[in-house]
Amino acid sequence: MTPNPPDQLLLATGISKTYGAVVALRNASLGVRPGEVHALLGANGAGKSTLVKILTGAVHPDGGTIAVRGRERTVHSPAEARRGGLVSVYQEPSLIPDLDIRANLRITNTPVESFRHWVSELGLPDLDLTSLARRLPLASLRVIDLARALANEPDVLMLDEMTAALPANLTERVLEVVGRRKGGDSSVIFISHRMIEIAELCDRATVLREGETVGVVDVTAGSDKRIVDLMLGPMAAEIPAAAERPAAAPRPADAQPRLSARGVSDGRRLHEVSFDLHPGEVLGVVALEGQGQDELFDILAGSSRPATGSLVVDGTPVAFRHPADAIQAGVVYVPADRAEALMMQRSVRENIALPFVAGVRHWAMLNMGAERKTVDEAVATLQIDARAGNEVRRLSGGNQQKVTIARWVATGVRTLLCFDPTRGIDIRTKQQIYVLLRELAQGGAAVLLYTSELKEVQLVCDRAIVIFGGRIVAQVAGADADEPSLLRAAYNLAPDEVIPELAVAFANPDGAPGSADTAAAGADPDGPGGGAPRAGDAPTGEQSEDPA
Amino acid sequence: MSTTATLASRGRSLVGRRDVLRRNGWTFGLLGLLAVLLLFAKIVEPSYGVLAIQGLGTSVLPLAIAAVAQAVVVISGGIDLSIGSMMALTSVVAASAMYKQPDEFGIVVVIGVLALGLALGAVNGALVVTTKVPDIVVTLAMSFVWAGFALIVRPAPGGGASSWLMDLAVGPILVDWIPKATVVMLIVVAVVWIPIARSRLGLSFYALGSNALAAFRSGVPVGRTKWASYVVGGLFAALGGLALTASTGIGTPVPGPYTLESVAAVVLGGVSLAGGRGGVLGPMIAVVVLQMVRTDMTFMSIDTNLAIVAQGVILIGVVMFGSLLEIRRASR
Amino acid sequence: GSSATPSASAQSTGPFAIGYSNGGGVGNGFREEQVCTAKAEVAALGTSKISGITVIHRNTDAAGQLSDLRDLIAKNVKAIVFNPNDPDALNPALAEAHKAGIVTVSVDAYVTDPNTWNLYNNQVKYAYLGASWLFKQLGGKGTVWYTRGLAGHPADSDRDIGFKQALKENPGITVVPDVNGVFTGWDPKTATQITNDFISSGQYDKIQGIWASGMGAQIVDAIKAANKKFVPIADADIGAFVKQLLDPADYPGLVGAAVTNTASVGGAGVSMAYKLLTGQTVTPSTGAGRPNTVLLDPQILDNTTDQGKADLQKWISVPGMDPLWPLSLSIPGWTDYNPATVPSSCKGA
Amino acid sequence: MTAATSRRPRRQTAAGVRGLFRDQPVIPLLGLLAILVVVIEVVDPGIVSIDWAGVIIKGSVPLAILAGCQTIAMLTGGIDLSVGAVASMTGFVTATMIHSPGGEVQGIVIALVAASLAGFVSGVGVGVFRVHPLIMTLGMNFVVLGLANVWQLQNVQTGAGVPANLRTLGSGAFVEVLPYSLVVFVPVMALILVGLKRTGYGRLLYAIGDNPVAARLSGARSWQVLIVLYVISGLLAGIAGLILSGYANTASVSLADSSVLPSIAAAVIGGTSIMGGRGGYAGSIVGAVILTVLAALLTILGLPEPTRQIVFGSIIVVMAAAYTRVTAES
Ligand SMILES: Nc1ncnc2c1ncn2[C@@H]1O[C@H](COP(=O)(O)OP(=O)(O)OP(=O)(O)O)[C@@H](O)[C@H]1O
Ligand SMILES: Nc1ncnc2c1ncn2[C@@H]1O[C@H](COP(=O)(O)OP(=O)(O)OP(=O)(O)O)[C@@H](O)[C@H]1O
Ligand SMILES: [Mg+2]
Ligand SMILES: [Mg+2]
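Residue numbers (the working numbering), protein chains in the order written: chain A, 25 to 572; chain B, 2 to 333; chain C, 618 to 966; chain D, 158 to 487.
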């Protein structure tokens, strides 16, 4: 792009923020030009979210200056920022649960008409404005949040891990709508841990490391590696190579499965699901958003009971009434949502040790020494940055995620149910988690892994089952679980069909009219819509092959 | 158009309808219960009639208004344990100021007392917002402070009330069956609350109570809104104090049992103590229900101590019923 | 005051249903005993005269008692006996009762409603008697600790008047902490705590006497626990206190006087209601300062003389009564029951 | 909110101090207590002495135990408004039994069982039926008061009287200095402190208060924890009631009512979050002592009742505010 520095639309310099002892941001800077989509990248704990919060007045910086269109200004509150043209879609949906959508719009002075326009652009054309936010699925909330932001016609739109929890078709819409803004006089700041989206969407990228801006990169075909190196800095070297998956060990036919599901249904979204999970294997679960995988994991983890069907653990049939029963049977669960899994005000130690004390049998005196030992081991194994460790809420998202897993690793896990454990965390941490899962399997544990990041299947899983419309529609061996075929399976399409959304995604990257229909046509008529997050990975993958 | 949307929205419109029922269902239930209790009274005591209904209207007046005050604060995600004391203070001020004064002056006093209520609420709110001490603690402590001031104003009960004010609290209006007190109460509450509820402020109350962080990010001035909720609460507390003076004709410095009873009424009235949900009508009806329960027990000459027990059991029972509904809804 | 002219509507020959309203002090010895005496009187009069009594006893304020009275009116009772939470506040309901031809009797404190009869202990006199006795003990000079009841309560305010009358007559007496005294809130725990603090701060050593408003027993026990010498104390005829006065073994050197504050007003109220219902004449006390009022003059007894001790002993008529309950269980001319029946009549609705 | 209220730069050191205080809330509280004692000594020179301390402790013990009920309840995001009625009931029931043969011990046992039972019912309501603790315990307060009063009316004649041993326990002191109530309080205190810090059950109280979902997913059955919690709370209230009746040498069904609000205030001043998940018992104890000293100060100042109340309330706000500021979360 043009070397001579054009007028910056938004320029933040020397931003710093410390929380107690921890430095979230030290001298971070960010310059955004009019009409560009600007990526904000960084490992977990780099300070991305915090920076965005500062730019929109949600957090007040300790130091630094923010200038919009050359004029310096201090932003006191999100409302003020919005009036000044700085609007952010935060990571956590910021709609008010007990108000309906219309009220939510009113409270942000959002023009309803243009909101309607944007929300249908984004794929929810007949959203009912009178429904309570509390009752809407997360994905819809994210989209509504974005539509509301767009309807406020921001100069600078900031998206913090916007696509992290979105189904494929919605992700496509978001990327496409955002892409369309290029070249205008407003710009977008885009935070994501998915390089592929960055490559598809962004013009330039600012990279944060440990709260500091370490580089600004023009996003081009080859810039990925550069960016990763910047993000990880010296650590880059230590990245473990993608775990070597040994050829699936030949299993005697009569080998007893660790956990088997027999015709499990929940009565609503899950139908007749049966599979075996063997010791020493990582079994992947692939599904578009809302195909019943949540219900399946809830049942396996003992959070809810199956309507019909049965579970068998180590050959003995079980009926879980409560997660405690599952844990008793050695079946443990790592939810995707940290807020569900962690006691934010308590220490890393207490969080990891929680399962030790849960049962009535363990209500008596604790063996502090033994506990410390186990916990420290777990912290070491997962390389948790516990600087801010006496209150988990002060850890960064990535480190919080590690704590949720450490809890079970510490107890010596037999059967591990992981629901999208790498959601919204950085490459390095992801790698660590892959390796960990493999090691657990090697150690004889059985791992069931739902992932929304399809390439993880090939990296980590011995085999994968694909769920669609609440039924298992395919089983794929890990080796040949390449993304296109997984995606086809996930959409329940015959191998030869193209996936229309993918076609759209690169047929007209700048969003030609009509793309909406094609994209919609892609979703299966009767299956609940939604899609594989990261489906966006596919197109550019193929783009290089045959530019349409 | 996309299937996500259709499905989602289909599901949603169903949900939507359930919401409508859900939002008012509890209030309807209370009205039903009230009808039953009234019928029961009529059966046990056939002479139960016009006078009793008018008495009912007067009896519930102070607590009903106190419940509204509490509801406003709770909806906004707070709680005010100083309502009883604020009522005592405003009531003694009113009674002392009106004592042996011409009726016209009474109007001035009423306005002054309402202003006082706003001021008391403003102090509570300012303390809650600026000190960041949990509102339960702040208002609990302030309940001592306001009660102290009440004792300074009037070491002993006494004073007087303008005749027109007392007239407002007793007797029928239009028809014998309509207690004037109830009509007055509904009008006053409507005049104060409806404009607020329709305004951006009312919306902010619910937003704040529902999720403070989301509210802040949506541009709700969190501090000011929380403060405002206490101010409005204070205003209603002052109205409650006036209701006390109106129905008794005097002011009593020792706070009545209104603080905790208002909390109970608010919960029985379908307002979530977590904030963000409910309205002011439910709590008012809940107060009438509580009063009728007492009346029915009196008619049945139930041992007065067992009546106290029953009061507790009913409080627990109704809320238990409510949370059972919640649990069942959640499990479905 | 003029003699009673019972309302025509009331002139009938029973049996009458009676309502009883007590607006506070659930569990409080005085208030509970009051209700018991009322029930005892009903039993004594018999079902031919009183068909039954409906008691509403709960902790509430004047407004709350208004609604209780209205419930009783709606219940069609022929008479309502009540212990008022306020002299003026209940008048609206009382007027409604009068319209409905219901006889109303206020006990333990007066109300200003012209049609209601009042029957109560003279609280001004209560304080005056005790204070005068105390001041006389001190020979008219010295420092007295003035411990009161519940700030803002009518009875407490009346007693304050009486105390100050006696004080005016004894210029040599100084009052600590000040003329407005310190409030126990009629709460035993507070009374104990205040006394402990008073003692530990050394102030106790500087006083020669204590005037108490019903918490005497707690104060004496606190002094005993601190191993201090007793100073003369005037209080009410609460069982625990009188026992202390009569127990030189456990309370050596304790000199004190007990002023009656009988809870039998409950029973007396019922019998007065019956008299009025049946058109018997009731002669109001002269000098009550208000019409339709019967003042029960308190008596005072002390343990300085053997005679006094003997009379105090007589007060403990029903053995083993709850120590927090006032002793004098009957009012000559006003109560018809046998004091021994009071405890048993507490049971049941 | 947190973001909304975050402030301008702070010195690292200040942050350090703050961190220390956040983890050791007792330190600033002891500071406040010291200040109060100094004030009281200034107001009334020579008052602060061994026996004065004894008197303060005597007065603090029942309050501190009741504050214990509130502390453990608050850690789970709850509260216990029934302690007043339960404590009074326990003292009263015991007193009505002393005349029956072997009544004293028997009475105490029966009373404590009754107290635990009341707690059990609250626990079932809160833990199983998910009734809000504020409402559940408020209701129980009515129930217990009513039943206790029925009991009183049934037993007026048995002639209640506080057992001599309870009187010694509540108001006596070893060589006029060390209150005997410490004999009961110290073990209770130790149990609660250790229980919260060193036992699995204590951990679960924090866990449930902080994040019930996480606790559930980790295999904790919160209803069990809550039922046990309110039983313990009832039992503690009962013990407090016994000491209180000895302290005032009085058995009345409303004896402890005036201690409920102070017990909550003590726990909150002690740094236990009424929202759950944060706090501890050490702070509550200091809180209770602070409130007792404060009451003593007000008595010594001989302020008229209205002023007493105003000062009492204001000081609670000021101290809670100061404490919150010192330990504020960034
Ligand atoms: N409230 C807080 N108190 C203490 N430390 C904090 C707080 N918030 C953030 N931090 C620290 O600041 C650093 C940046 O955190 P932040 O979550 O903003 O980074 P991030 O780029 O969003 O990381 P992630 O991708 O894992 O979310 C981390 O080390 C985190 O522990
Ligand atoms: N103002 C604040 N006060 C207290 N805690 C904060 C504040 N800001 C952030 N935090 C905490 O710091 C942690 C990290 O902050 P941030 O929200 O920036 O990252 P994150 O949400 O973890 O991002 P990601 O989802 O990418 O991992 C969060 O757990 C949050 O609770
Ligand atoms: Mg982030
Ligand atoms: Mg983050």
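Hints are supplied without guarantee of correctness; some may be wrong.
EDC-like cross-link-like pairs, simulated, lysine to aspartate or glutamate; straight-line CA separation at most 16 Å [said to hold, decoys possible]:
(1) K964(C) to D168(B)
(2) K354(D) to E234(A)
(3) K742(C) to E786(C)
(4) K841(C) to D201(D)
(5) K845(C) to E333(D)
(6) K846(C) to E333(D)
(7) K823(C) to D201(D)
(8) K841(C) to D208(D)
(9) K354(D) to D506(A)
(10) K101(B) to D705(C)
(11) K479(A) to D506(A)
(12) K845(C) to D208(D)
(13) K758(C) to E786(C)
(14) K926(C) to D914(C)
(15) K206(A) to E177(A)
(16) K206(A) to E236(A)
(17) K841(C) to D822(C)
Calculated directly from the structure, the hints in this document are not laboratory data.
Status of each hint after checking the structure:
1. K964(C) to D168(B): With Cα atoms ~42 Å apart, K964(C) and D168(B) exceed 16 Å; violated.
2. K354(D) to E234(A): Status violated; Cα separation ~34 Å.
3. K742(C) to E786(C): 14 Å, holds
4. K841(C) to D201(D): Violated, at roughly 23 Å.
5. K845(C) to E333(D): This hinted pair holds, its Cα atoms lying about 11 Å apart.
6. K846(C) to E333(D): Measuring from Cα to Cα gives roughly 15 Å; hence the hint holds.
7. K823(C) to D201(D): 14 Å, holds
8. K841(C) to D208(D): Answer holds: K841(C) to D208(D) is near 15 Å, not above 16 Å.
9. K354(D) to D506(A): 51 Å, violated
10. K101(B) to D705(C): Holds, at roughly 14 Å.
11. K479(A) to D506(A): Distance of about 7 Å is within 16 Å: holds.
12. K845(C) to D208(D): 13 Å, holds
13. K758(C) to E786(C): 11 Å, holds
14. K926(C) to D914(C): Violated. K926(C) to D914(C) sits at ~21 Å, over the 16 Å cutoff.
15. K206(A) to E177(A): 14 Å, holds
16. K206(A) to E236(A): 27 Å, violated
17. K841(C) to D822(C): Measuring from Cα to Cα gives roughly 14 Å; hence the hint holds.
The structure fails hints 1, 2, 4, 9, 14, 16 (numbered hints given earlier, in ascending order).
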